[in-house]
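Each chain, written out:
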Amino acid sequence: MDSLVAVEKEIDKALDLFENFYDGVDQNLNKAIDHLVSIINDLTKIESEQTFKLSADDSISMCKEQVRELIKHYSDKHKDLHANISKIGKAIDKNFVADYGNMSHVNLIDTVEKKMHLNEAICEHLLRSGHLEVCDTLVEEAGLVKKIDEDKKRPFVQMNYILNKLKEKDVSPALDWCQINCQELKAINSNLEFKLHRLRFIQLIQQGPKAQLEVLKYSRNFTQFANDCHKEIQRLMGSLIYLNSGLENSPYSCYLGAELWEEIEEEFTKNACKLMDLPVECPLDVCINTGCRALPALVNIVQVMQQTQCGHILSKDELPIEIDVGQNYRFHSVFSCPILRQQTTDSNPPMRLICGHVISKDALTKLNNSGKNRIKCPYCPMEQAPGEAKQMLF
Amino acid sequence: MDDMKIIEHSTLKVPYEHLNKLYRNVHKTIDRDCSSINQSMNQIDKLAKSADLGQKSELLASLSSLVEKLHQVKKRSIEMRNQEKDLIEILKKRVNNLKDHSSSDLTTRKLFFKNRLDRILIDYFLRNSYYLSAESLAEKAHLKQMTNIDVFLIEKEICESLESRETQRCLNWCIENKSKLKKINSNLEFTLRQQEFIELVREQKCLEAVHHARKYFVNLNPDQLVDVQKSMVLLAYVKCSDSLCNQELLSDSRWTYLIGLFKQENYKINQIPEQSALETILQSGLSALKTPTCYQKVTAVFNHNCPVCNPNFNQIAKPLPFAYCSNSKLIDAYTGEAINEHNQPMMLPNGHVYGYNSLVKLMSENDGKIRCPRSKETFEYGEVQKVFIL
Chain A
1 MDSLVAVEKE IDKALDLFEN FYDGVDQNLN KAIDHLVSII NDLTKIESEQ TFKLSADDSI
61 SMCKEQVREL IKHYSDKHKD LHANISKIGK AIDKNFVADY GNMSHVNLID TVEKKMHLNE
121 AICEHLLRSG HLEVCDTLVE EAGLVKKIDE DKKRPFVQMN YILNKLKEKD VSPALDWCQI
181 NCQELKAINS NLEFKLHRLR FIQLIQQGPK AQLEVLKYSR NFTQFANDCH KEIQRLMGSL
241 IYLNSGLENS PYSCYLGAEL WEEIEEEFTK NACKLMDLPV ECPLDVCINT GCRALPALVN
301 IVQVMQQTQC GHILSKDELP IEIDVGQNYR FHSVFSCPIL RQQTTDSNPP MRLICGHVIS
361 KDALTKLNNS GKNRIKCPYC PMEQAPGEAK QMLF
Chain B
1 MDDMKIIEHS TLKVPYEHLN KLYRNVHKTI DRDCSSINQS MNQIDKLAKS ADLGQKSELL
61 ASLSSLVEKL HQVKKRSIEM RNQEKDLIEI LKKRVNNLKD HSSSDLTTRK LFFKNRLDRI
121 LIDYFLRNSY YLSAESLAEK AHLKQMTNID VFLIEKEICE SLESRETQRC LNWCIENKSK
181 LKKINSNLEF TLRQQEFIEL VREQKCLEAV HHARKYFVNL NPDQLVDVQK SMVLLAYVKC
241 SDSLCNQELL SDSRWTYLIG LFKQENYKIN QIPEQSALET ILQSGLSALK TPTCYQKVTA
301 VFNHNCPVCN PNFNQIAKPL PFAYCSNSKL IDAYTGEAIN EHNQPMMLPN GHVYGYNSLV
361 KLMSENDGKI RCPRSKETFE YGEVQKVFIL
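If you're matching them up, the sequences are chains A and B in order.
1 is the number of the first residue of the first sequence in our numbering; add one for each residue after it.
1 is the number of the first residue of the second sequence in our numbering; add one for each residue after it.
To be clear, the hints were calculated from the coordinates, so they are not data collected in a lab.
Just so you know, even glycine gets a beta-carbon here, dropped at the ideal spot from N, CA and C.
Mixed in with the good hints there might be a few duds.
[Said to hold, decoys possible] Partial list, derived from the structure: chain B residues whose beta carbon lies under 8 angstroms from chain A:
{"no.": "1", "residue": "Y16"}
{"no.": "2", "residue": "L137"}
{"no.": "3", "residue": "Q275"}
{"no.": "4", "residue": "G285"}
{"no.": "5", "residue": "L286"}
{"no.": "6", "residue": "N303"}
{"no.": "7", "residue": "L320"}
{"no.": "8", "residue": "A333"}
[Stated by the list, open to error] DEER-style ranges, computed between Cβ atoms:
{"no.": "9", "chain 1": "A", "residue 1": "T111", "chain 2": "B", "residue 2": "Y295", "range": "15 to 25 angstroms"}
{"no.": "10", "chain 1": "B", "residue 1": "I78", "chain 2": "A", "residue 2": "E262", "range": "42 to 52 angstroms"}
{"no.": "11", "chain 1": "A", "residue 1": "S75", "chain 2": "B", "residue 2": "K180", "range": "21 to 31 angstroms"}
{"no.": "12", "chain 1": "A", "residue 1": "K231", "chain 2": "B", "residue 2": "H142", "range": "40 to 50 angstroms"}
{"no.": "13", "chain 1": "A", "residue 1": "K186", "chain 2": "B", "residue 2": "N340", "range": "30 to 40 angstroms"}
{"no.": "14", "chain 1": "A", "residue 1": "S75", "chain 2": "B", "residue 2": "K21", "range": "10 to 20 angstroms"}
{"no.": "15", "chain 1": "B", "residue 1": "I78", "chain 2": "A", "residue 2": "S38", "range": "16 to 26 angstroms"}
{"no.": "16", "chain 1": "A", "residue 1": "L132", "chain 2": "B", "residue 2": "Q344", "range": "39 to 49 angstroms"}
{"no.": "17", "chain 1": "A", "residue 1": "I339", "chain 2": "B", "residue 2": "Q344", "range": "17 to 27 angstroms"}
{"no.": "18", "chain 1": "B", "residue 1": "Y295", "chain 2": "A", "residue 2": "D12", "range": "45 to 55 angstroms"}
{"no.": "19", "chain 1": "A", "residue 1": "K231", "chain 2": "B", "residue 2": "V360", "range": "18 to 28 angstroms"}
Using the sequences and the hints, build the whole thing.
Okay, here's the thing in structure tokens:
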């Protein structure tokens, strides 16, 4: 934040100085023009030779001084402004890192196929975020016509239509969709339909006493959810007491919050993606978020490693530091052997010893180097034969 | 250091360079105007010194023309004032926009990140010549002011002219940016002149080619001299045939090289980084998410949500390093929950491991028996063995 503040300071200073400069220039020019006009007027009136010569000489010399000052001010002061402009540039360079801190090593996208893969991933992102026309344009420009066809786009078109309607607080398309996909939604234990009915119910209550009958009729929609959500239904029915006076000053005012509508959009997107067998969050989003999180630490390391000439971090097998991606972005188990401190792989799987402790297969082999066919667990006194260890799969 | 400092340098530097360029042009105009006013004033002064009534009308005429000149200077200065002010305002707007990165309001922050991704995509589109997509996205997301589309549109024009084998536009651009190109020791202008020479020889206009060489191949450094010598060899051939040593000089790839060189110099001059932000961020992100499991065919646990398992990113991330993990971090393959001291790992007889919570869930779904979600075998609870992860 303070980096922005520093740059903004220089920008504001420059704006002020420019304003003052040009005001001054304007003033000087106006004065000079006025003076010259008055000289012209005076000289035009003069008929006598003598007066003319004197007048001309006097007034022109005065004017000359003034014009000289004007020119000097115009040129010199503008030159001075350059210092302020370069200060802005220096502030930017000081507070921001140029060239991504030399993070870029080789080109990530170096073949035509990789470019196509990336463009496909971008198209998926554009479809999910509702930019359908942009996706069409990209498909044309990047030559992806074969890969992204109408079938792939159709579910997104519908999804975006429903989302746009939800943004306008109209739940009916969403409800229709729920009813069509009723079975699948039940299979994933979704309570999306109930939440949509709840929002509509609250909308009707907000219409006041004249909607009383409609509200009661609508509450029949809750019957199917009686078993799962009975507590919430009780609350909703309780809020009817405030039909006359409005919900704003009631204990049920939380139902009026905008978060409910944002939550329903997210809930719908999650459910729709699950039904379409898509990942919950767009892969491009996940990568970019993680990347932005990882960049500061990695850029630091690159700067340090540059001094030691160890080669670039992206050319190695493993990153040199641990990046905490957060629990949400942990998609696979990673087992790190406590003895050899290496990640286990297919060829070096984790093995469970009889006592329950887990080490990697390589570590197991190393413990058995005396060839005795009897190994002792590194963590407890339990002994066993190497063959008794069982391969595990996380 | 936070990610904004690393990613947004060019967002601010590019309009700054525009401002610098404008400033220089404005100053040139000011100098011109000042010297012209000075000239007029001196003329009037001379007239006034030797004036008599007969030259009155001449003097008055010169005075009027000076007044006219000052009016024009005033008009120009108002124009330049607005131009300079506009560019500074653009800088200010961008700084304000970037402030949302650290906003205390979650919605504002979310919107900022969404816009940032859109900006990164627009930059990627522009670099790869998907101009229509870039403009479309910039419009839909209301981001036109935050992107550097104008720089790329100029680039587009020149690239198109180079593609149609025309060098004039690019040469004009070189002349316009002469001082900056000199600062970075650019070879672009020389390479363009060399290509013109080759084209003249190709059309068998050898005399013209020699004139061209005399005019432009001056003040060469040693490397350029070698290049010129190689090109001169072409003159020795009566007709440019497919003989081996001519191939390289006559091939179309030289034009592709020229386009690439131009783009490179254009980025340097405008303070635009050479690699796109998208690739840089993706490199870091994919690497931080990449685990050996994503690439194993045998025991692959294909997690739907993992971007690296996504077929597109799987290919892209192949050459990248794996994420480094000092301590084991386990997640349950059935529910995705974390496996830790609150959700202890349990191993089934077939070697598959699940968290205790998953086993409870599996038992409730299958009459007290555990059905392994991956191998479909059924086990009793008594067969499960505890596992200790340190």
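Against the structure, the hints come out as follows:
1. Y16: holds, 5 angstroms
2. L137: holds, 5 angstroms
3. Q275: Holds: closest Cβ of chain A sits about 4 angstroms from B/Q275, inside 8 angstroms.
4. G285: holds, 3 angstroms
5. L286: Holds. Min distance 6 angstroms.
6. N303: Hint holds; B/N303 Cβ to chain A Cβ min 4 angstroms, cut 8 angstroms.
7. L320: Since the shortest Cβ distance to chain A is 7 angstroms, the answer is holds.
8. A333: holds, 7 angstroms
9. A/T111 - B/Y295: 15 to 25 angstroms: For B/Y295 against A/T111, whose Cβ atoms are near 18 angstroms apart, the range 15 to 25 angstroms holds.
10. B/I78 - A/E262: 42 to 52 angstroms: holds, 48 angstroms
11. A/S75 - B/K180: 21 to 31 angstroms: This hint holds: roughly 24 angstroms between Cβ atoms.
12. A/K231 - B/H142: 40 to 50 angstroms: Holds, at about 43 angstroms.
13. A/K186 - B/N340: 30 to 40 angstroms: At roughly 32 angstroms between Cβ atoms, B/N340 and A/K186 fall inside 30 to 40 angstroms, so the hint holds.
14. A/S75 - B/K21: 10 to 20 angstroms: holds, 19 angstroms
15. B/I78 - A/S38: 16 to 26 angstroms: With a Cβ separation near 23 angstroms, B/I78 and A/S38 satisfy 16 to 26 angstroms, so the hint holds.
16. A/L132 - B/Q344: 39 to 49 angstroms: holds, 47 angstroms
17. A/I339 - B/Q344: 17 to 27 angstroms: Distance hint for A/I339, B/Q344 holds at roughly 21 angstroms.
18. B/Y295 - A/D12: 45 to 55 angstroms: Because 52 angstroms falls inside the window, the suggested range holds.
19. A/K231 - B/V360: 18 to 28 angstroms: holds, 24 angstroms
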